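Trainee: If you read the protein sequences in the order shown, they are chains L and A.
Taken in order, the first sequence gives residues 1 to 441; the numbers are from the working numbering.
Taken in order, the second sequence gives residues 442 to 876; the numbers are from the working numbering.
Bear in mind the hints are in silico, worked out from the structure with no lab data behind them.
Among the hints, erroneous ones may be present.
Unchecked claim - Below, simulated DSSO-like cross-link-like pairs (lysine-lysine); rule was C-alpha separation at most 30 Å, straight line: (1) K631/A - K275/L; (2) K582/A - K560/A; (3) K560/A - K281/L; (4) K560/A - K261/L; (5) K809/A - K284/L; (6) K65/L - K525/A.
Given the structure is predicted, the values throughout are model-derived calculations rather than measurements.
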Amino acid sequence: MLYHIFKQIWAQRKYNTWIFIELMLVFVLVWVLADYAFVILHNKSISQGFDVKDTYRVTYDVFGKGTSRYNPTEDDSTMAMENLQLFVRKIKAYENVEEAALTYMDWGSLPYSGGYNSTAVEIPDRSDSTVAFAETKNVLSGEYFRLFRYTSAKDHSWERPAGIDLRRNNSVFITRMVERELFGTASAIGKVVKVDIGEGPKDYVVADVLNDQKRFDYTLPHGAVFGASPLISEENLMNFGVCIRVKPGVPEDTFIRNFRKEMTRPLRIGNFYLKDIQSFKSLKQEIDYSFGVTNEMRTRAGLMIFFLLNIALGIIGTFWFRNETRRGEIGLRMAMGSTHATLQWQFMTEALLLFSIAVIPAIVIDYAIARADVLKLDMDIIMDYETVKGSPYITQNASLRFLITNAMTYVFLSVIVALSAWIPARRVSRIHPVEALRENG
Amino acid sequence: MIQQYFKQAWQLIKQNKLFSGIYIAGTALGISMVMVMAILDYVKTANIYPEMNRERMLYAKSISVAPVDTARFKYTNSGSLSYKAAELFFLSLKTPERVSVMFSGTDFASLPNNDNLIKIKSRQVDTNYWKIFPFRFLSGKPFSDADFQSGLAVAVITESLSKKLFGSDKAAGQSLEYRFKPYRIVGVVKDVSYVMEDTYAQIWMPYTCIENYDKENSERAGMIGDVGKVFLLARSASDFGSIRREVNDKVRRFNASAADWKTDLMGQPDTRKVDAHRYWSNKGPEMKKINIRNILIMFLLLVVPALNLSGMNSTRMERRLSEMGVRKAFGASRSRLVHQVLIENLLLTGLGGFAGLLVSYLIVFFTKEWILDLGKQFTDTLPEGASVDFSISMLFNGKIFLAVLLACLVMNILSALIPVYRSLRKSITDSLHIK
Chain L
1 MLYHIFKQIW AQRKYNTWIF IELMLVFVLV WVLADYAFVI LHNKSISQGF
51 DVKDTYRVTY DVFGKGTSRY NPTEDDSTMA MENLQLFVRK IKAYENVEEA
101 ALTYMDWGSL PYSGGYNSTA VEIPDRSDST VAFAETKNVL SGEYFRLFRY
151 TSAKDHSWER PAGIDLRRNN SVFITRMVER ELFGTASAIG KVVKVDIGEG
201 PKDYVVADVL NDQKRFDYTL PHGAVFGASP LISEENLMNF GVCIRVKPGV
251 PEDTFIRNFR KEMTRPLRIG NFYLKDIQSF KSLKQEIDYS FGVTNEMRTR
301 AGLMIFFLLN IALGIIGTFW FRNETRRGEI GLRMAMGSTH ATLQWQFMTE
351 ALLLFSIAVI PAIVIDYAIA RADVLKLDMD IIMDYETVKG SPYITQNASL
401 RFLITNAMTY VFLSVIVALS AWIPARRVSR IHPVEALREN G
Chain A
442 MIQQYFKQAW QLIKQNKLFS GIYIAGTALG ISMVMVMAIL DYVKTANIYP
492 EMNRERMLYA KSISVAPVDT ARFKYTNSGS LSYKAAELFF LSLKTPERVS
542 VMFSGTDFAS LPNNDNLIKI KSRQVDTNYW KIFPFRFLSG KPFSDADFQS
592 GLAVAVITES LSKKLFGSDK AAGQSLEYRF KPYRIVGVVK DVSYVMEDTY
642 AQIWMPYTCI ENYDKENSER AGMIGDVGKV FLLARSASDF GSIRREVNDK
692 VRRFNASAAD WKTDLMGQPD TRKVDAHRYW SNKGPEMKKI NIRNILIMFL
742 LLVVPALNLS GMNSTRMERR LSEMGVRKAF GASRSRLVHQ VLIENLLLTG
792 LGGFAGLLVS YLIVFFTKEW ILDLGKQFTD TLPEGASVDF SISMLFNGKI
842 FLAVLLACLV MNILSALIPV YRSLRKSITD SLHIK
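All chains should be modelled from the sequences, with the hints used to inform the complete structure.
Mentor: As structure tokens, then:
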């Protein structure tokens with residue numbers, strides 16, 4: 001049966017050329033899009049390393065000397081610090097707020113901030129000079145880890161890192177990735193590393209190892225180092241803010257609206273005033289948007305829909321008119337005993353077979369594209385088709401990734417092709433055999 | 442003669458409603474995507490209120506500073522221009538008609554002793570800004586040279602901000618607070634669409650009333666700072682070459698006598714089109730790559746549907762071969778047949794193009810919040826309460842219609858030429874035989 005259909009496809013090869021080229025071209029284009037989608041989805045499924053659900057960032061500002069609301073009596077530096085503490089206490093006491101803490105906001109220390117600072121981490125006095133690169137994050141106090149649920153790799157709790165004071169014994173936390181790169185399978189806790197967390201390269205003791213974390217949802221995890229931030233003083237007031245965790249289940253817009261309405265007056269303390277409150281969820285959306293990821297995804301989704309519509313239209317169009325021309329043949333088949341169902345199956349199979357043949361040169365083109373390394377994006381998402389030895393991630397195993405993405409594309413497009421061929425097939429198989437036979441020619 | 446072709450073509454279309462329907466749908470699909478790209482390009486580069494002089498303007502916004510002594514300082518830095526750099530390289534130019542410097546920011550507007558804070562976008566400008574961009578004033582007027590020189594705290598606000606604060610658009614003479622500093626309103630202008638990146642804001646004040654606008658950064662020869670953009674209005678586009686030469690001359694002279702730091706403007710000042718693609722401060726846009734990429738995309742958007750249409754045309758030709766055979770037997774010349782088929786195709790493509798244009802309007806309308814940001818490296822989220830509105834003139838105008846026509850023509854040629862040619866090469870007997 002298959003051989004028979006194959007012969008038919010070959011017989012009509014002149015008319016099949018156009019749809020063949022289109023199927024091949026669209027397979028390649030859809031594969032490029034599917035490959036991107038695969039990488040993104042794969043990266044998204046990796047655990048974040050922290051949790052920002054129900055967290056908000058509250059920023060304050062200070063009425064400066066030229067402004068209408070400045071109060072000179074409150075401008076004393078001790079007073080300013082006391083006022084700030086009162087600011088934080090009032091927020092903590094607000095309804096539904098579970099935790100509130102003063103946090104350092106500079107240099108990319110907050111989750112989903114646009115800023116980024118990286119440093120080399122090495123083991124001092126080691127001869128083989130292994131270096132791990134890590135993002136640096138500065139924290140004011142242990143409350144940061146509890147707030148954002150950064151978990152220790154040892155016992156997966158956030159209480160452990162929250163309870164350690166980084167300012168004692170010049171301590172830092174590193175993540176699992178850094179530990180693996182520098183110490184292999186040995187534990188890094190208690191060992192000394194040389195790293196620059198903002199005070200120049202110095203020696204620090206590793207007090208704990210945290211679980212791997214990602215900078216964005218759609219990138220692979222990379223190493224991070226957590227160290228103490230500068231203490232807060234009158235000079236660096238604006239580098240800090242208040243981060244809060246709210247009781248789960250409280251809707252975001254209601255909370256923000258009520259907070260602004262009820263807390264704007266009470267938080268007018270000395271020269272401090274409430275500037276802005278934003279959820280980390282919305283900060284994350286802004287970051288994704290501003291780094292162009294959201295747009296990249298939208299463009300690709302749009303292009304995908306465009307190509308699929310074209311394929312569907314192409315198959316429907318080609319097969320519809322071809323079936324009209326082949327009415328005689330259809331009538332003959334029906335007269336010889338084919339049922340409606342068989343006829344539909346036959347046409348769908350013909351379309352699928354044509355598609356499958358077109359896929360062969362398409363996969364060759366895909367291979368050329370993967371090798372030519374043109375699938376680059378100007379961002380942190382690693383799209384290179386390179387196999388990284390020892391990496392646990394599928395996206396860094398080139399052959400497996402190639403196999404999976406092509407298979408995904410094949411299955412997906414087969415469904416579209418089969419459905420598109422089914423529509424005219426259904427219509428034509430309803431013709432009465434006598435009418436069809438009459439059109440013999 | 443042509444009229445007869447059209448009548449015949451119209452008849453054929455009506456007779457084969459299904460074929461025509463699918464053909465028009467296929468064409469519309471391709472044309473609509475190309476049109477969306479054309480509309481987006483138009484909005485970014487054509488003259489739209491209040492940027493009515495884009496075709497004779499040049500823009501600059503970043504600068505790169507490299508160390509002379511690479512042993513002492515390792516890195517090249519880049520960022521926005523500082524006021525000092527803007528003065529040195531642009532404000533002192535003689536060739537342009539006008540030069541303007543602009544800063545921008547976002548903060549809160551409020552009325553004195555009122556807790557209601559409205560987050561707004563602000564621009565700090567000079568008096569040339571108002572002459573380069575012809576804003577429409579609903580009341581009052583822009584601040585004067587005297588206001589600007591003395592750094593008076595005056596401001597121009599938009600109609601919608603005026604209505605929000607005072608309930609009317611006649612707010613000239615009233616005051617408001619921005620960042621809790623008082624400003625006297627001297628004029629109210631018609632709202633600017635969010636789509637206009639260089640002029641969208643809710644409040645404009647002279648930059649001379651902002652402290653430290655010309656403060657020099659002690660590092661890197663004070664070349665990097667916070668200037669938002671520098672605008673150069675040329676007398677005509679043919680002056681662009683001489684303006685660039687004058688700018689490069691100034692840069693060269695600065696670098697020749699520079700002790701520690703050399704500057705590089707990376708190809709600026711840019712035309713509007715290049716400026717729209719310049720995202721990074723440390724390197725210019727690779728226009729050749731960008732143009733190739735855009736042409737490739739447009740090509741794909743037209744070729745993929747064209748393949749569909751070619752397939753359909755082949756089938757159609759096949760069916761009408763017998764008819765062609767009869768005509769040929771009766772002496773019809775090949776060119777007449779070709780003309781007829783092409784006109785029929787043209788009509789279908791034309792209808793498809795029209796449908797495609799309508800679909801593109803729908804696409805732009807439903808995705809207006811984010812569609813202009815596609816292809817940008819860095820974008821800003823829409824501020825609260827702002828909406829992206831495409832005005833009628835952005836969508837209906839000569840350039841857009843010309844683009845549709847061109848796209849249709851290309852589509853037509855791609856999808857009709859080969860099938861028609863092949864089927865007409867068949868001999869008469871072959872054609873008659875297929876019955």
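Trainee: State for each hint whether it applies.
Mentor: Now the hints, each set against the structure:
1. K631/A - K275/L: holds, 29 Å
2. K582/A - K560/A: holds, 24 Å
3. K560/A - K281/L: The hint holds at about 20 Å.
4. K560/A - K261/L: holds, 15 Å
5. K809/A - K284/L: Since the Cα atoms of K809/A and K284/L sit roughly 22 Å apart, the hinted pair holds (cutoff 30 Å).
6. K65/L - K525/A: holds, 26 Å
In this structure, every one of the numbered hints holds.
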